[in-house]
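There are 2 protein chains.
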Amino acid sequence: MAQQDAQNGGSENAGAVAATVSFVALKPQLFVEAPKANDAVLFYKAAFGAEEVSRSLNPKRKAEHELPLILSAELKIGGSSILVADITDDSASLVKTGGNGVVLCLETGDVEGAIAKALGAGAIAEGEVVEGEGACCGGRVGKVKDPYGFVWLICSPGKKCGGDVEA
Amino acid sequence: MAQQDAQNGGSENAGAVAATVSFVALKPQLFVEAPKANDAVLFYKAAFGAEEVSRSLNPKRKAEHELPLILSAELKIGGSSILVADITDDSASLVKTGGNGVVLCLETGDVEGAIAKALGAGAIAEGEVVEGEGACCGGRVGKVKDPYGFVWLICSPGKKCGGDVEA
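Protein chains in written order, with full-length UniProt numbering: chain R, 1 to 167; chain D, 1 to 167.
Next up, chain R with everything else stripped away, as it sits in the complex (with noise of 0.2 Å):
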């Protein structure tokens, strides 16, 4: 352990556990009102140029809205990836707690690795790792706020990403 940490330089706190926790991607979330999500996605690219790379909708919704909530839209702008949300039930206390409702979601093969060293690092664990329908569109998802107030999610890359497309 002590090796560990000597090659990766690893803090005290942050501890050998979680040393060799990486990330694939970091993209923003923006969470809107429910249902503009889809208003929101075809403004950025109006406005921006965004193309849209997946969508997931949100499963517990389709019926009883005329317009299905997305759960998650990423788009490409720039060379990197935003996702779009509609606030739902699930996300409400997110958004609260992320103030203005940009999030930012962190992918890692290794969520309890991840969540842990943050923890060790000093953020704050926002409720448990929930698998399946999290605001990022991957499996695993686990909640962390830092010190200076914003939230992090902490997913599995996006196994539901590219599919369920919609225009």
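It is worth saying that the hints were derived from the structure and are not from the lab. A quick note: this is a predicted structure, and the numbers were derived from the prediction, not measured. Any given hint could turn out to be false.
A pair holds if it fits inside one copy or across any two, identical chains being indistinguishable in the list.
[Claimed, not checked] Below, in silico cross-link-like pairs of lysine to aspartate or glutamate (EDC-like), each with a Cα-Cα straight-line distance of 20 Å or less:
# : residue 1 : residue 2
1 : 36        : 126
2 : 145       : 39
3 : 45        : 110
4 : 45        : 112
5 : 76        : 131
6 : 76        : 110
7 : 76        : 39
Please build the complex by placing chain D on the supplied structure of chain R, with the hints as guidance.
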């Protein structure tokens, strides 16, 4: 102009001027209560393995504070960039309008064209395009608010980036 519109498939509102606007980068910028941006950078290094790419300091503040305020520190996480900045008098209004202090920086070679296109699509201009030490690390920066409440900084690619790096 009609010819340009036809060539570029420009929308009626966005107009020919901005039909060819393209973006070279999109970076979330996190505004932190001054002078904690340096602590935040250290935290993101420890928590997420962030690598600092560049840092520019606020020239106005160097004499008044023990710690120079950070105008913009660029960090790489998961192959993407985020910017971390101390909130200054200049950026305070930006953070207020941006909510929790996350704004989205879009870099482009055509700041005016990009702003015109965004306004044509329904964004609202906030202030003038300013030269110099804007919140992004580019040379010229304009600000628009989209219809969903998010603030975008439209800036020229960072001519100051890469310089002034301090650990």
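Do the hints match the structure? See the list:
Taking identical chains as interchangeable, the C-alpha atoms of residue 36 and residue 126 are never at most 20 Å apart, the minima being 26 Å within one chain and 22 Å between chains. For the homomeric pair residue 145 and residue 39, the shortest alpha-carbon distance between copies (15 Å) is at most 20 Å, but the shortest distance inside one copy (29 Å) is not. With identical chains, the CA atoms of residue 45 and residue 110 are at most 20 Å apart between copies only, with a shortest distance of 17 Å across copies and 33 Å within one. Proximity of residue 45 and residue 112 under a CA criterion of 20 Å is satisfied inter-copy only: 18 Å between copies versus 35 Å inside one chain copy.
When the C-alpha separation of residue 76 and residue 131 is checked against a cutoff of 20 Å, the pair qualifies neither within a copy, at 26 Å, nor between copies, at 27 Å. In the homo-oligomer, the alpha carbons of residue 76 and residue 110 lie at most 20 Å apart only across protomers (19 Å), although the nearest pairing inside one protomer, at 25 Å, exceeds that limit. For the identical chains of this complex, residue 76 and residue 39 are intra-copy neighbours only, at 16 Å inside a copy versus 31 Å across copies, given an alpha-carbon limit of 20 Å.
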